[in-house]
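Taking the hints into account, I'd like the entire structure generated from these sequences.
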Amino acid sequence: MTNSIREIEGMEVIFIIGSNTKETHPVIANRMLKAIRKGSKLIVADPRKIPLVKFSEIFLRLKPGTDVALVNGIAHVILKEGLDNKEFIKERTDGFDKWKKSLETFTPENASKITGVPKEDIIKAALLYGGSRKAGIFYTMGVTQHTHGTDNVNAIANLALLTGNIGREHTGINPLRGQNNVQGACDAGCLPNVYPGYQRVDMPMVKRKFEEAWNASLSDKEGLKSTEMMLSAAEGKLKALYIMGENPILTEPNVGHTREALKKLEFLLVQDIFLTETAALADVVLPATCFAEKTGTFINTERKVQLVRKAVDPPGDAKEDMWIISELSNRMGYAMKYSSSEDVFEELGSLWSALSGITYNRIRNNGIHWPCPTKDHPGTEYLYKAGFPRGRVSFTTVNYAPPAEPTDKDYPFVLTTGRNLFQYHGGSMTRRVAPIEAHAGEPYIEMNAEDAHRLGVKNGEPVKVKSRRGEIEIKVRITDRVSGGILFLPMHYREAAANVITTDALDPFAKTPEFKVCAVKIETF
Amino acid sequence: MGTGGIAAGGAEVIAAFKKELKLAGIKANVEEHCSMHKVGCRGLCAKDVLVDVIVNNEKVTYQYIKPDMVPRIIKEHIIEKNPVQDWAVGEDYHFFHKKQFKVVLSDCGSIDPEDINAYIAVSGYDAARQVLTSLKPENVIEIIKSSGLRGRGGAGFPTGVKWEIAMRQNSKQKYLICNADEGDPGAFMDRSVIEGNPHAVIEGLIIGAYAIGSDKGYVYIRAEYPLAVERLKKALSDAKKNGFLGKGILGTKFNFDIKVKLGAGAFVCGEETALIASIEGQRGMPRAKPPFPVYNGLWGKPTVINNVETLANVPYIIRNGANWFASFGTEKSKGTKVFALTGKIKNSGLIEVPMGIPLREIIYDIGGGIESGKAFKAVQTGGPSGGCIPAELLDTPVDFESLAKVGSIVGSGGMVVLDETDCMVNIAKFFLEFTQAESCGKCVPCRIGTKRLLEILTRITKGAGKEGDIELLEKLSKDVKAASLCGLGQTAPNPVLSTIKYFRHEYEAHLQGKCPAAVCKELLTYYILEQFCKGCGACLRACPAGAITGEKKKPHFIDSEICIKCGACFDVCKFKAVVKE
Amino acid sequence: MKVTINGKTIEVPEGTTVLEAARMLNIPIPTLCHHPKLTPFGGCRMCIVEIKGAPRPLTSCTTPVSEGMEVITSSPELEDLRKTVLELILSDHPNDCMICEKAGDCTLQELAYFYGISPYNPPLLKGDKGGFLGERRVYGKRDGNPFIERDMEKCILCGRCVKVCDEVQGVEAIDFAYRGFKSKICPTFEKDLDCEFCGQCVAVCPTGALTGKMWALRGRQKDIKEVDTTCSYCGTGCNITLHVRRNEVIRVTSREDTWNEGWLCVKGRFGYSFINNPDRLKKPLIRIKDRSNCSSGSNGLNKVFKEVSWDEALDYTSQRLKEIKEKYGHDSIAGLSSARCTNEENYLFQKFMRAAVGTNNVDHCARL
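Chains as they are written, first to last, in our numbering: chain Y, 1 to 525; chain G, 526 to 1106; chain B, 1107 to 1474.
Treat the hints as calculated values from the structure; they're not laboratory data. For clarity, every value in this text was computed on a predicted model and none was experimentally measured. Among the hints, erroneous ones may be present.
Straight line, CA to CA, 27 Å or less: simulated BS3-like cross-link-like pairs of lysine-lysine [claimed, not checked]:
id	chain 1	residue 1	chain 2	residue 2
1	G	Lys627	G	Lys857
2	B	Lys1108	G	Lys826
3	Y	Lys264	B	Lys1428
4	Y	Lys41	G	Lys697
5	Y	Lys41	G	Lys857
Here it is as structure tokens:
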């Protein structure tokens, strides 16, 4: 997020696209409701009638995978109505004219044709967002988990640049992180192309810095992304995999492929708190600790570093992950000696200035937003106040392309996947919580009443959902959340794993799988 | 004809006249010389159905008319020009009207409420025209202020002052609400005004809206008043057709529209903040004041809420001038007030009297005194929020200050007359039952406090009262009044406090196991006076419990162990031999 | 705006309530229905004060300060009214604190003690069925939902739950129903609660009317150690407090003064019991059966894995990794870390992959 969560209160316009905030980030949604109570206006763009629609001024119910057309259509109207922020564009951006030309075809009429959203609503949304200089955009996987996810993100960025809705308090672009410490995992360098703090592995200067700090010789070759790891394993190139706290069988696209790929490995090491589907395939399973059993820090979606404190001792012989990694490293011949997690955090801070000013002591009561370069720096609630890191930012021309797998005669339904309120991700935590299981323990697929009527299925009846990759059996939940021709499947249930049927088509840049659109058919019993 | 008249058979009487006139073959005359009008209620409910027959400009008013009486009236009076004197109203009909002075009700009962032209014909909408075309809002407020008009809903807040505060609020949107959520038991003033002359209320709203600068009005009216709602809706649509509502009213730049909002019958919704919550679609629960609605009301905007009667006064004040209005009433309570006179009174009905008239005149001159010659005990004014005024205070003038001084209120105008057969503890209990059931449940003193008051009263009426209960009632009443959130709770103990104040001896008698009015069943014993009993056996046959024994022609006996105190024996005995005590 | 409370004067911004102003002056005013994060209600009447010029006591939580206002927060009359209010509430309360989950953490209990409400004090007790003692609401059926226990006999109708559900959560699952003494807070048509189960209502309930089913009979407040930490579910990062008793997390709450204002979601508030799940891995495991013909699931685990010591597991693992690295090169090994783990763990993990293994094949599930 370029803003902090606090700043939501104070935004004139909140534009949510591809985020079911009320269910995936409920407490952020609370803050949005507070803002709405104080007069903020809400725009929701989503194929599903998600809970926040109830509070929205405008609901743009777009067809799955048509985000670019919608966002470009809005930009088109903003330009036409002269609501663009000319001063901002002139001083802080490049490539405006070229981009502007690319928008010409995205008239509200055309955008409406592609997205299925009435053109009046596109215009209304454009006037509302473009008419405000305190507007925030929020998105999650609904935008990114597409073969053109990067395009979607760029289109959104263009919209913010066009109106200058970034770099000030109460206005910005805010991807909401799905997991407690995705931000931290990225920041700490668990990415194949960068060291901690997004310092590129292929830059000799950076490599030298880390070689010195770590006293080791490092590779300058960009590594494999998680989705590529599975492909590489399947091809037999990747021989060993060390998985810490992940369950890729359930969370990577196309379960069958992932399982086969992992089986091909010569050595699979899994470190987790439960014997997950993935751990069951491992050669060695190491019992680790959960958040209540260790001390450390998380970085949340607003870049705030917060303390995690140990409350209970781990069960049996389970050990803290830090201890396990250090022991393993020592045995591999690379010495790791830390007396506490605080030592590790200080080392991280010494290698990345954004965290340099943060100490455990400073965040004992309240977290601090990075960047926080010095010990007396208050932290940074919103980014780009002093301009963009590279001076000017370019508009990126984005064209609309349909999803990788369109529907056809054989597979007439669009299947989109996501989360529900009660379960979490692969379910290894929530599915072991008895009340949650009692209340929301059964997989289901959301279907529109008309489709259900046509297929002759009633609420709660089982159907077969088939794609070109696989099939699952699942009960139907009839709801007006989805419109005709669209099905929604929550990702949490291993007994009806969404990823058995989802496509493994990836975004060419981010390698994010297209979980949000694939073609399926329904067979009744 | 209002709801009461219709219930008494008014519609059937009209139908009978139509049919009989036709049968009598005076069809031709119907068109040329004879016309028939139905009019609004004129107040004297006790004598319904009333029919005026005007022949050669001579009016005869008939009372208690039923459809089967119509042929004779037509035959003797209309055809033979010979009024049916037996059925004509008597002296008390004229007495009933003599001491009244009608402002709000002046056109009720003489014009057809469903015909806008009938209202226009009696100078209706002239006041609105005058205001919109020649007065500034400040002038209108000045007139209302100097007229001394005070809110008729109960609290008596000066209307002009309220309007002035609203006018001064700097807000684009303001609202004017007519409170027609009349909910007191025994009160039907607002209903009768809307049923009898809805256009006067609409005209009052137009003038008020112009004065405060509102373009949107509401009439919040009980759904239990279907006839009033129907007539109001028709009046609104007629007013709109005639250009009195909508955009650019009467060719001016003033816009105003009125929406009818039906209440679901919660008494508390008469409280203005609860009423606002109800219009907003929330549960009708009051909120604390301040801030008052005139600063922060409907949807958070400045809002004036006026009672039906208050608004209906406005056109007449504008037409006749502030001084005219101020010439009635007392120094602090100007004008007239409509009351619903009910209970143990001969001429029950709707009356309008100048403020300051003594209670005695209302009850004896207008009301004709107590039914069947029993002794007057008290009059309860102001409904569940009011109090009981005993005989010794009958000379109290009826105005806001004087009634408050004796522990009651004018309230919205309910007046229930009680006689010697009414038990005052039971009366207090009756009102507490009502307020407890109607408490919204929000604040503790009202929700639980009135419940406890009711429980104490109930045990007293059942003969289970304890020493100290009267003091406990007083203490709890005082605390509920002081600590409750809204007017409902703040006034709910009034019937208790005023009955204790004036009839403490009745409470004390109950604690000693006696109900002086012989009302409270558990405290009664029925017995037969041997010297009067003829042994006719009527009581024996009437007794459902088999408690009465006795041989024919010999004095009977009631076994109080078996007696269920239903009173059947008391009612059937022709010789006054059965006594209850 | 200047306001004088109990003789002390303070300047406050317009819109401040008398209660807020008093709290700024550290003047205590008892409250039951008031909650600082919710709109004022004015229902319990405990916070009544005398304001010069007002004909009757006004609730300080609802009354905005006006210029020059003079307020008295305590007088014999006010305290007497407060006591009556409390006695009335307790006259319709089970008063079974001995076996109440909320005992020791209950605002009503605190106030009752503070005001010296006693069965020997008139008018609460006046012989049997005397005084204020009268009918008490009795509700038979309990709610079937798995998260929230609703004991409506303990409900004092303060309305906090109704407001938090509407104002904070936007769900409006419950509201007031009925009138008079029978007034009650319940879901639509008195069905079982079916909502987002955020538990915000439980967090704001001042009595034992709303409690968590999961922490029933798991310990009283005084036996509990509280540890402030950060929620491990979504990326919002709510500040939570783990309630620990006998090395077990038995409840999760959030403090009102946290950035998330004390609000949580169903996962954050109720989704903690996985910590103590018996399925937790407790020993390192080494595979003894070939992987190619094993199916997923945890059936027959002891035939697939054997429990080993840490030394054995780590020695074996490091040896295998070294072998593969030598045989196929650094880049034949990859690591997937977790967005669930701490920064420190993630840092060490990538350092391990890069410095100890020598590859940049390290990623996590950010895209999923």
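These are the hints, each one checked on the structure:
1. G:Lys627 with G:Lys857: With a Cα-Cα distance of about 19 Å, the restraint between G:Lys627 and G:Lys857 holds, given a limit of 27 Å.
2. B:Lys1108 with G:Lys826: Status holds; Cα separation ~26 Å.
3. Y:Lys264 with B:Lys1428: Holds. Y:Lys264 to B:Lys1428 sits at ~18 Å (cutoff 27 Å).
4. Y:Lys41 with G:Lys697: holds, 21 Å
5. Y:Lys41 with G:Lys857: Not satisfied, since the Cα-Cα distance of roughly 51 Å exceeds 27 Å.
Hint 5 alone, counting from the list given before, is not met by this structure.
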